[in-house]
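S.K.: Using the sequences and the accompanying hints, generate a full structural model.
Heads up: the protein sequence lines correspond to chains A and B, in order. Here the first sequence is numbered in UniProt numbering, starting from 1 and rising by one per residue. Here the second sequence is numbered in UniProt numbering, starting from 1 and rising by one per residue.
Derived from the structure by calculation, the hints contain no laboratory data. Bear in mind that the values here come from a model prediction, so they are computed numbers and not experimental data. Positions of the beta carbon are idealized from the N, C-alpha and C atoms, including for glycine. Worth double-checking, as some hints may not be accurate.
Restricting the straight-line Cα-Cα distance to at most 27 Å, the calculated cross-link-like pairs of lysine-lysine (DSSO-like) are [stated by the list, open to error]: (1) A:K7 x B:K95; (2) A:K259 x B:K2; (3) B:K93 x A:K7; (4) B:K281 x A:K99; (5) B:K2 x A:K99; (6) A:K129 x B:K45; (7) A:K97 x B:K280; (8) A:K99 x B:K280; (9) B:K95 x A:K6; (10) B:K280 x A:K4; (11) B:K280 x A:K259; (12) B:K93 x A:K4; (13) A:K97 x B:K2; (14) A:K6 x B:K93; (15) A:K189 x B:K2; (16) A:K234 x A:K36.
Here's a subset of chain A near chain B, in silico, CB distances under 10 Å, partners left out [what the hints assert, rightly or not]: (17) E57; (18) F84; (19) F108; (20) M126; (21) L177; (22) F180; (23) R182; (24) I183; (25) I201; (26) L223; (27) I247; (28) I262.
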Amino acid sequence: MQSKRKKLFIELMGILLGLIWLAPFYLMLVNAFKTKKEIFMGVLGLPSSFNFSNFVEAFNELDFLNSLFYSILITFVSITIIIFFSSMAGYALARNKSKLSGAILLIFVAAMLIPFQSVMIPLVSMFGKVDMLNPVGLMFMYLGFGCSLSIFLYHGAMTGISVSLDEAATIDGANKLQIFTRIIFPLLKPISVTVAILNTIWIWNDYLLPSLILSQETATIPLKMFFFFGQYTKQWHLALAGLTLAIIPVIVGYFFAQKQIIEGVSEGAVK
Amino acid sequence: MKNRDLAFWLFLTPVILALGIVVIIPLVLGTFYSFTDWNGLTITKFIGFENYRTLLKDTDFLNSIWFTTKFSFVTVLLLNFFGLGLAILVTQKLKSSNFLRTIFFMPNLIGGLILGFIWQFIFVNVFGNIGQVLGIPSLQGWLSTTTTGFWGLVILTCWQMAGYIMIIYIAYLQNIPNELNEAADIDGANSFQRFRHITFPLVAPAFTVSMFLTLSMSFKIYDQNLSLTNGGPFDSTQMVAMEIVRTAYTENQLAYGQAKAVIFFVIIAIIALTQVYYNKKREVDM
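M.R.: This is the structure:
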């Protein structure tokens, strides 16, 4: 009996802690429905009515569909090129056992340690000179920053894929590109999911780099949110409605791919 | 594939180009610029270590390093405490385990910028409101002083990242064979003894991993700093990453900002190389 009661106690403590963890989201949501005056009266309780007018106003002010479009476009294209080019590189490096290949891998791994701020100033100035401060330039930068970890993960996953597959395909007359695209790449699918998840979390939420590159017209959600917040700093009812809108796509994604996301993050972190 | 195979190089070209153009060249160029009076377009002269001499006397920069160090120290301790605590909690085979894991991890998926804005509301309005109702003056005026700004950043960062550290500890906790705990249970060990003698030694490698991870994460924080305190009051809660961005893009001192960025790189590199050293040492010990 003792241990059963203890278990119940732990369970209750856990749920209490979980609720505390959710409190910021609760506070954001209930106050997003209130009027300015209601927030002034009290922030903890439910709103007097669930009026969506704050959301409509925030939606229009944020130009939400436009920023959602650019967030999706930039994240999707960046992830696609990161997966494609990093898996190719991981494959090539894993199938070449020479010292040179090991050294190239080491350079990519070492590059992960370089903090963004250390390269930011020359990088933005270089891209500015060739007129590439636009979404295309940004996607290329994401490939540069994202490929290291991705190559490292693909290289690790390649150890589980036997060379005899390559040999058999070569005998059947396939060239290297065909071997990669038709045989190896499909086998790397689990790690591709991990790579996609890790890079999506990063790119979707990235603020500093896009803030230096993108204009108002092509702003992503975090960027737009920053401008928006600056304008409505004393109008919390609108600001909170905007923040709620910005979070919705992430929560929806988490709801559908929760298991893969947690597994992917775990895999990426422990390596 | 051999070194002389065309396919080997074709497969590597895109990523070598990308890493080279985006990371390596800017790093090399930037280090060079930090010794000049570069203004983003032209260099008129080579000024040696002058930028570095200036930054040694730059109180804003030195304060930001000190603030970041204090912040990182506290955050690393608390993050690992909460991360391990949450990991132990959700591996207790509770009915709500999966649900709790999902909730604790959730803040991690949302950007620091957005979370910082939400917490700005909580610290300023919610804390203020509760403080007023309950008559607790220390809950009022949060983020308007250096101390409350500091703890605000610590609370935000812990809340956001504890779930991530939890995931790392879970991976290690799940590697502990169940028989060990069962055998200890039969021998009459209580839960603290089991933690002290079984769990703790077996998750020790996870400490090294997540200590360094949290250390370099907290040193590099920018978004949360920007949206929660914006460095205020009077730049007293400004961390290194933000100081560099400000120097370069608000004050338009690109070469000088780059000198700070080089120092920042050196600090992060030292953290990382210490970790590599410890990992190597541990492998030898094992």
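S.K.: A separate judgement is required for each hint: does it hold in the structure or not?
M.R.: Consistency of the hints with the structure:
1. Restraint check: the Cα-Cα separation between K7 of chain A and K95 of chain B comes to about 10 Å, which is no more than 27 Å; the hinted pair holds.
2. Annotation: proposed proximity of K259 of chain A to K2 of chain B is violated, straight-line Cα distance about 39 Å (limit 27 Å).
3. Under the criterion of a C-alpha separation no larger than 27 Å, the hint pairing K93 of chain B with K7 of chain A is consistent with the structure, at around 9 Å.
4. Using a Cα cut-off of 27 Å, the hinted pair K281 of chain B and K99 of chain A holds, with the two alpha carbons roughly 24 Å apart.
5. For a cut-off of 27 Å, the pair hint linking K2 of chain B to K99 of chain A stands: about 11 Å separates their Cα positions.
6. Note on K129 of chain A and K45 of chain B: the hinted pairing holds, with a Cα-Cα distance of about 21 Å set against a maximum of 27 Å.
7. For the hint linking K97 of chain A to K280 of chain B, the alpha-carbon distance of about 23 Å falls within 27 Å, and the restraint holds.
8. Of the pairs offered as hints, the one joining K99 of chain A and K280 of chain B holds, with about 21 Å between alpha carbons and a cut-off of 27 Å not exceeded.
9. About 14 Å separates the Cα atoms of K95 of chain B and K6 of chain A, which keeps this hinted pair within 27 Å; it holds.
10. Annotation: proposed proximity of K280 of chain B to K4 of chain A is violated, straight-line Cα distance about 44 Å (limit 27 Å).
11. Straight-line distance between C-alpha atoms of K280 of chain B and K259 of chain A comes to about 33 Å, which puts the hinted pair past the 27 Å bound.
12. Between K93 of chain B and K4 of chain A, the direct Cα distance comes to roughly 12 Å. Compliance with the 27 Å bound is thereby established for this hinted pair.
13. This hinted pair checks out: K97 of chain A and K2 of chain B have alpha carbons roughly 8 Å apart, not beyond 27 Å.
14. Between K6 of chain A and K93 of chain B, the direct Cα distance comes to roughly 13 Å. Compliance with the 27 Å bound is thereby established for this hinted pair.
15. Proposed proximity of K189 of chain A and K2 of chain B is supported: the alpha carbons are some 25 Å apart, at most 27 Å.
16. Distance hint between K234 of chain A and K36 of chain A is fulfilled; the C-alpha atoms sit about 9 Å from each other, no more than 27 Å.
17. Against a cut-off of 10 Å between C-beta atoms, the interface hint on E57 of chain A is violated, since the closest Cβ of chain B lies about 17 Å away.
18. At about 8 Å, the closest approach between the beta carbon of F84 of chain A and any beta carbon in chain B falls short of 10 Å, and the interface hint on this residue holds.
19. Hint status for F108 of chain A relative to chain B: holds, with the closest Cβ pair at about 7 Å, below 10 Å.
20. With 10 Å as the threshold, the beta carbon of M126 of chain A comes within range of chain B, its nearest partner Cβ sitting at about 7 Å, so the hint holds.
21. Below 10 Å, beta-carbon pairs count as interface contacts, and L177 of chain A has one with chain B at about 7 Å; its hint therefore holds.
22. Taking 10 Å as the C-beta contact cut-off toward chain B, the hint placing F180 of chain A at the interface holds, the least distance being around 7 Å.
23. Taking 10 Å as the C-beta cut-off, the interface hint given for R182 of chain A is violated, the closest approach to chain B being about 15 Å.
24. The beta carbon of I183 of chain A is not positioned within 10 Å of any beta carbon in chain B (closest approach about 14 Å), and the interface hint is therefore violated.
25. Contact between I201 of chain A and chain B, as hinted, is supported at the beta carbon level, the nearest pair being about 6 Å apart and thus within 10 Å.
26. Of the supplied interface hints, the one on L223 of chain A holds, with its beta-carbon coming within about 9 Å of a beta-carbon of chain B, less than 10 Å.
27. A hinted interface residue such as I247 of chain A counts as satisfied when its beta carbon comes closer than 10 Å to some beta carbon of chain B; here the least separation is about 6 Å, so the hint holds.
28. The closest approach between the C-beta of I262 of chain A and any C-beta of chain B is roughly 6 Å, which is under the 10 Å cut-off, so the hint is satisfied.
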